[in-house]
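There are 4 protein chains.
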Amino acid sequence: MGNTFGHLFRVTTFGESHGGGIGVVIDGCPPRLEISEAEIQQELDRRRPGQSKIVTPRRESDSCEILSGVFEGKTLGTPIAILVRNQDARSQDYNEIAVKYRPSHADATYDAKYGIRNWQGGGRSSARETIGRVAAGAIAKKILKLAAGVEIVGYVKRIKDIEAIVDPNTVTLEQVESNIVRCPNPECAERMIDLIDQTRRDKDSIGGVVECVARNVPKGLGDPVFDKLEAELAKGVMSLPASKGFEIGSGFAGTLLTGSEHNDEYYIDENGEIRTATNRSGGVQGGISNGENIIIRVAFKPTATIGKEQRTVTQTGEETTLAAKGRHDPCVVPRAVPMVEAMMALVLCDRLLCHHGQCGLPLALNQNLAAIAP
Amino acid sequence: MGNTFGHLFRVTTFGESHGGGIGVVIDGCPPRLEISEAEIQQELDRRRPGQSKIVTPRRESDSCEILSGVFEGKTLGTPIAILVRNQDARSQDYNEIAVKYRPSHADATYDAKYGIRNWQGGGRSSARETIGRVAAGAIAKKILKLAAGVEIVGYVKRIKDIEAIVDPNTVTLEQVESNIVRCPNPECAERMIDLIDQTRRDKDSIGGVVECVARNVPKGLGDPVFDKLEAELAKGVMSLPASKGFEIGSGFAGTLLTGSEHNDEYYIDENGEIRTATNRSGGVQGGISNGENIIIRVAFKPTATIGKEQRTVTQTGEETTLAAKGRHDPCVVPRAVPMVEAMMALVLCDRLLCHHGQCGLPLALNQNLAAIAP
Amino acid sequence: MGNTFGHLFRVTTFGESHGGGIGVVIDGCPPRLEISEAEIQQELDRRRPGQSKIVTPRRESDSCEILSGVFEGKTLGTPIAILVRNQDARSQDYNEIAVKYRPSHADATYDAKYGIRNWQGGGRSSARETIGRVAAGAIAKKILKLAAGVEIVGYVKRIKDIEAIVDPNTVTLEQVESNIVRCPNPECAERMIDLIDQTRRDKDSIGGVVECVARNVPKGLGDPVFDKLEAELAKGVMSLPASKGFEIGSGFAGTLLTGSEHNDEYYIDENGEIRTATNRSGGVQGGISNGENIIIRVAFKPTATIGKEQRTVTQTGEETTLAAKGRHDPCVVPRAVPMVEAMMALVLCDRLLCHHGQCGLPLALNQNLAAIAP
Amino acid sequence: MGNTFGHLFRVTTFGESHGGGIGVVIDGCPPRLEISEAEIQQELDRRRPGQSKIVTPRRESDSCEILSGVFEGKTLGTPIAILVRNQDARSQDYNEIAVKYRPSHADATYDAKYGIRNWQGGGRSSARETIGRVAAGAIAKKILKLAAGVEIVGYVKRIKDIEAIVDPNTVTLEQVESNIVRCPNPECAERMIDLIDQTRRDKDSIGGVVECVARNVPKGLGDPVFDKLEAELAKGVMSLPASKGFEIGSGFAGTLLTGSEHNDEYYIDENGEIRTATNRSGGVQGGISNGENIIIRVAFKPTATIGKEQRTVTQTGEETTLAAKGRHDPCVVPRAVPMVEAMMALVLCDRLLCHHGQCGLPLALNQNLAAIAP
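Sequence lines, in order, name chains U, C, R and S. Counted from 1, the first sequence has number 46 at position 46 by my numbering; the numbering is strictly sequential. Counted from 1, the second sequence has number 1194 at position 194 by my numbering; the numbering is strictly sequential. Counted from 1, the third sequence has number 2285 at position 285 by my numbering; the numbering is strictly sequential. Counted from 1, the fourth sequence has number 3069 at position 69 by my numbering; the numbering is strictly sequential.
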């Protein structure tokens, strides 16, 4: 239960940090979409460990294999299964945590729920699980791009107390990828990198905030009432490891304004389109996209795994201490950027297909065969 | 699409602010639970309009009728349908908004999505829809109470910039209900009420933050990976009208700490239970409850409907202005308290049933018949 | 659980044979569809009791009220709730079955499952539940008609051993409705009516077979692998009360042929369309519609409620006898016709929307806005 | 869409007959269940090609690899992914069908739906897809066995017009597996084998009927109204390739009886249990299991692929002829036996978990922690 996301564009992930591998099955993908392992690999490379000095040194090529659903370079409309084998698994690093619960990790809760857990690394709770999401997200992004010109760009907005000023309306992927911390403000980026590096040397960890924007989103995506666009986005990103908070548009800060300050007044733009003068709504009103940029923020806590000694308990109920020895990220936020983008893409793609299914059908006789033919 | 919430304890709501009525169908409710219209009404009365001077004066008794699923005072295990008729519908108040889009409302997006909307009030986007959630939440709360002693208490944590210090571990429903703004800190409550009252007279609106705690939640609720408890909670509350942000535990503020400051160290309590010394995790680790109090916060924007004149456009694309005349809340936050509680109850109840279904089955021959018998 | 059917066009029914009423919530209906209570009532009248001498004399007008989702005669795209109140409920007829289990009814199994049941009539297991399906089916039929010219016609194919020869390719609703047993062959119809009437006088009951055809179904509906069109149809009709068997196309008789006799050879028709020379496949190949007529058959057992005395047991485990006194149908098959049609319409409509959602989206930039606009 | 089955015990399959492989992801499996690749392989070996002279000679070892969800021989409660690589893929056999549609196959309908298909064999419509179902079914069978002592035995009831008399109440797996046609009546089996062998030499094919019984099924499984046990079973087996009909209990023959002949009268057995004297209901009443043996029958058409020349058309709309050259089964029925068993197991296991989730929760304070602890 709980390993499937989406309604029409439906993603099921599987796999643990150690064992046979990590993967995803994507059901409901539109047919005849050109897709290659290389395109998916490109996104996976942004997520994978070992890519820079500020992330975990675990060596995983994270090479993906498309097992099914693609034929002669095109999607078949049937399930796309993608597999990434685990490679650099050093189970010996985990002998200690086989018996000791890591603070603020899922070790104790998995044991409480299942009465068993894979103690080699985080098992299913490991961020390696997000490989499947990022792979699926690569396909979702392509569909959104081709169907509606949607662009999704995520970036590091804040690391601990270093906050970057970024214009979500103009920021580019190139700016984001121009440095290893994925902050499009170069000056801030440098300070962030230094702080992460120092934290790593202190055997500690830090967190921060990822901001993500979707541009050119068609009006009309999202469904009242439980599947509001912001609700689906919130679920998507709050299901990422280490996330503690979610905002859309004005977020928590919006509660400090009055209605007359906060409301987005309408006007007619040069193309005759209805637009809002401001965008405190974050591109969504009443759960449905309004055509403005969709802007969300996600808080990621400091990595739970740290080298410093902490108090904890054993599986059998004795108090003890633990200082992590395994490889880990001093700050997950830079690697979380492609994960947030992926979840945003999965949500938007699913809602695009659902909207098209419910509202896009011509309801007049004789328009029919053409309308539903491929 | 999108009007159903939950997996095993599954809630479907229907109805618009004007028209035949508002209702809910609850599927998957455990059988033989004693439930009465009076118990449900009690929760609905906390949500209904006209209950005090700081909420909308619309007069609705919001009297509920149980149409099915309850027999001789007990649940049958089959769908429970609950209906609340609309009463004080003054459609004439809405002639203007039949053609003009209210800023930061769903009028324009509903039209963009569906090409049609019920312009008598907010239609489906009206907060009246939450009647169904609150009614279902009353049942979910009772199940949680009986099955595990769970207590859910929500309260106003902040109105605009007036923030109350409240101890989530001890706050009671009585304290919350002791004043009309639902802030358990009496001194803050008074200031909040004054501010809301002043705002109403200014024909403006304000927002704030609801905090909600669930106590005595059993360990083990929540499912990796997409249906993590915090993900489901986020979806639940971000699907409420006017919500703009969600936090669990340390939330956004947690990103300002280091890992060694943020982690919740484990210890063994006097009963031999594994506990955490702090609760920055907010009762959830790895998406699964750890037995500590679950604490969430939800940001609600200032009410979009205000009496002040604002720039807007008509349905046919002309620029105009609008000053709302209909009845409306100057601040939705006090009435949002029972809504947040309801969503928390729906999530926890659903996860309790799912957990019991997957993990609670005795897998040893001959335990069987007793185990599944009612 | 289990009271929702469909994926994009999603129907949830509620209600028992006695109590507040019976209803349905339809989520995912395309917007701007013209629909009236009168159109829905027309289908309900074909299902309702008391319509002729060969059905139960229970007096129910089965008048429907649309509670939500329709505004100024058109669907809003939001949930359509429809309610039918129960009227002619004679609970006193049921005093005996409050303690005695009716053979081949659901009394004993409901008690075994839930530990409680509404013993006033069949409760949730009553065929009155199908009111919701037939109401929803009326809307589904209209969508199918408008979007693709689909026609669905069901009829009584056999009553006990009286089997009618009917050409599914040409049979009309008018022929079906020309007599009270709903068999389009007038001569057979007369014999069937006599047999049912005689059976009623014998205080016994009989069953039979409903055949149903869908014509003009677009190619491409149905989804591999679990949601094959025949699988969804089978589920739909096997969820109707009293159904014991399902066939599509050649059905069980097809197993007596060889492959060379059974296969449907292809040819090109006068319009250049790929067609099959025969239709043993019943309009579906590999789970997907092939454009030929979809033909299914459903077996309905003899009504379980009979006036003859039978052996049974009480709720508390004593052996006894029972002779039904309540009003009941000597043969459910004529009234099952609109139910089978409704389930076929629900399946086809849902699959049409799903197909359009997954496969109907133009994946080329700049086609987008027009494509998804309403 | 459509590649997931089940609600709490949820199975997603992927893969085509040619390409990277075939697999399944099982979500919601109870934790701490002992399971090995060997146990799963045992069931796969009953399904695999090349096992005898009356099935396709395609050589596939169908060796399964558990990729995730099992640790130290026990299930983790997280998704179990199982992969079977394709081996003996002779794409050259398929050059002709790359352009010609095989009659009564899915080639034409896949093209109509998706505008693309994997023409190397049946692609996704191949019966190789059922590998995933059979693998998942092996786990479901084990859960059912351990939780409730359930036994599921399928067998060939009829091949063309050779029908075996078999007692479903006593038939054993050993009897079924004692011959290559899987008919527990040895004399019939011999005649069936001869007929299949002769048909193969005639370059033709035949079909038949599989009967399957589940014994020791607890009372109370199955959910009103759409997820009735017979509805779920019907969907499950009608989603198998080549199935054309489904019956439960008396099936179509039951329609020839009167109610007084058909009803299953109740009595109290020696253990004080409520039992039925006959079992025309097939173990299910009102959609819910009544504790009697569940008996279903599935009609499988003659294999569509035959060596005889048939009329057909090309993808581009020209009439032509085709005589199949690829390896294929002259009769799918013997290999369908484990498939039917698997689908029955998946349905019963899912309904067992759902029932336990909804109805098995103790609703009295203080019973709670023990009840939901693992």
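Just to be clear, a hint being listed does not mean it is correct.
[Stated by the list, open to error] Pairwise CB distance ranges, derived in the manner of DEER restraints:
no.	chain 1	residue 1	chain 2	residue 2	range
1	S	Glu-3261	R	Gln-2315	20 to 30 angstroms
2	U	Ile-165	C	Glu-1261	50 to 60 angstroms
3	S	Thr-3321	U	Glu-37	35 to 45 angstroms
[Claimed, not checked] Stretch-level coverage of chain U by chain C, calculated; a stretch enters the list once three of its residues show a Cβ under 8 angstroms from a Cβ in chain C:
no.	region
4	24-35
5	142-155
6	193-199
7	226-238
8	252-259
9	271-283
10	289-301
Everything labelled a hint here was simulated from the structure, so no lab data went into it. We treat Cβ as the ideally placed atom computed from N, Cα and C, and that holds for glycine.
To see whether the hints hold, each was checked on the structure:
For Glu-3261/S and Gln-2315/R, the Cβ-Cβ distance of about 26 angstroms falls inside the hinted range of 20 to 30 angstroms, so the restraint holds. The supplied range of 50 to 60 angstroms is broken by Ile-165/U and Glu-1261/C, whose beta-carbon atoms lie about 26 angstroms from each other. Taken as a hint, the range 35 to 45 angstroms holds for the pair Thr-3321/S and Glu-37/U, whose Cβ atoms sit roughly 39 angstroms apart. Coverage of the region 24-35 of chain U by chain C is violated. Counting CB-CB distances below 8 angstroms, 0 residues qualify, and the rule asks for three or more.
Counting residues of the region 142-155 of chain U whose CB falls under 8 angstroms from any CB of chain C gives 0; the rule of at least 3 is not met. For a cut-off of 8 angstroms, the count of residues in the region 193-199 of chain U with a CB near a CB of chain C stands at 1, and the three-residue condition is violated. Counting residues of the region 226-238 of chain U whose CB lies closer than 8 angstroms to any CB of chain C gives 11, so the stated coverage by that chain holds, three being the minimum. Requiring three or more residues with a Cβ within less than 8 angstroms of a Cβ of chain C, the coverage given for the region 252-259 of chain U holds, as 7 such residues are present.
Judged by the Cβ-Cβ criterion of 8 angstroms, the region 271-283 of chain U is covered by chain C as claimed, because 7 of its residues qualify and three suffice. With a cut-off of 8 angstroms between beta carbons, the region 289-301 of chain U has 6 residues touching chain C; three or more are needed, and the interface restraint holds.
Checked against the numbered hints given earlier, this structure breaks hints 2, 4, 5, 6; the rest are met.
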